[in-house]
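Colleague: Start from the sequences, fold in the hints, and give me the full structure.
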Amino acid sequence: GAVVSQHPSWVICKSGTSVKIECRSLDFQATTMFWYRQFPKQSLMLMATSNEGSKATYEQGVEKDKFLINHASLTLSTLTVTSAHPEDSSFYICSARDRVRGNDQPQHFGDGTRLSIL
Amino acid sequence: KQEVTQIPAALSVPEGENLVLNCSFTDSAIYNLQWFRQDPGKGLTSLLLIQSSQREQTSGRLNASLDKSSGRSTLYIAASQPGDSATYLCGGDDKIIFGKGTRLHILP
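Protein chains in written order, with my numbering: chain A, 126 to 243; chain B, 33 to 140.
Watch out, some of these pointers could steer you wrong.
Here are the simulated EDC-like pairs of lysine to aspartate or glutamate, each with C-alpha atoms no more than 20 Å apart in a straight line [said to hold, decoys possible]:
(1) K166/A - E35/B
(2) K166/A - D71/B
(3) K74/B - D190/A
(4) K127/B - E212/A
Note that these hints are calculated values from the structure, not bench results.
Modeller: Below, the structure is given as structure tokens:
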């Protein structure tokens, strides 16, 4: 079945560092991918919609200059947390759906990336 | 804007019981609906997808129903097991808006 892969699964870095997270659809093409953030014991909050070949669409309150999204191919979207600070520490998860097979396909989620900023 | 509410927020029951988890959403124009489980520190695992033309979907001990007109979906878990302990989330369509989920704990 369709699988979404995220890398890395865990990142620990110093404040001020920029961190890139990759989201790949392994056996299908994804023109659209979604990025979520989840703080401890809270639900997933949608951050942005990543669109292949065009600009991402950000949800209200999400800083687009802080969270750079690039969707350069049909199987890869990247989220870069620029100049990360401790408050950016969170669990980031991406998702995608195989739209080529039709609208009634399940949304598949990656295993998430745990980001810890010291 | 779609809002999703899940009831109960938390549930702790002995092993073997049958359970019902509820999901309600404000935008009844939802196309399809998916149920997920999330284990602590992990991503989401898709459990069931109720497609646009369906009202119900079953997989093993799980059964999910969808009533678009009332904006509700239920997930029925039969003969619960400790391995069912997780947070259960529901959501529909492409840009899934999640509620807070139901934290389920099955006591051995």
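Colleague: Check the hint pairing K166/A with D71/B against an upper bound of 20 Å on the C-alpha distance.
Modeller: Between K166/A and D71/B the Cα gap is close to 11 Å, so the pair holds against 20 Å.
Colleague: Would the hint linking K74/B and D190/A be met if the CA-CA limit is 20 Å?
Modeller: Answer violated: K74/B to D190/A is near 27 Å, above 20 Å.
Colleague: Just to be careful, I want the Cα atoms of K127/B and E212/A compared with a cutoff of 20 Å; is the pair within it?
Modeller: violated, 25 Å
Colleague: For the pair supplied as a hint, K166/A and E35/B, is the alpha-carbon distance within the 20 Å limit?
Modeller: holds, 19 Å
Figure legend: structure checked against the earlier numbered hints; hints not met, in rising order: 3, 4.
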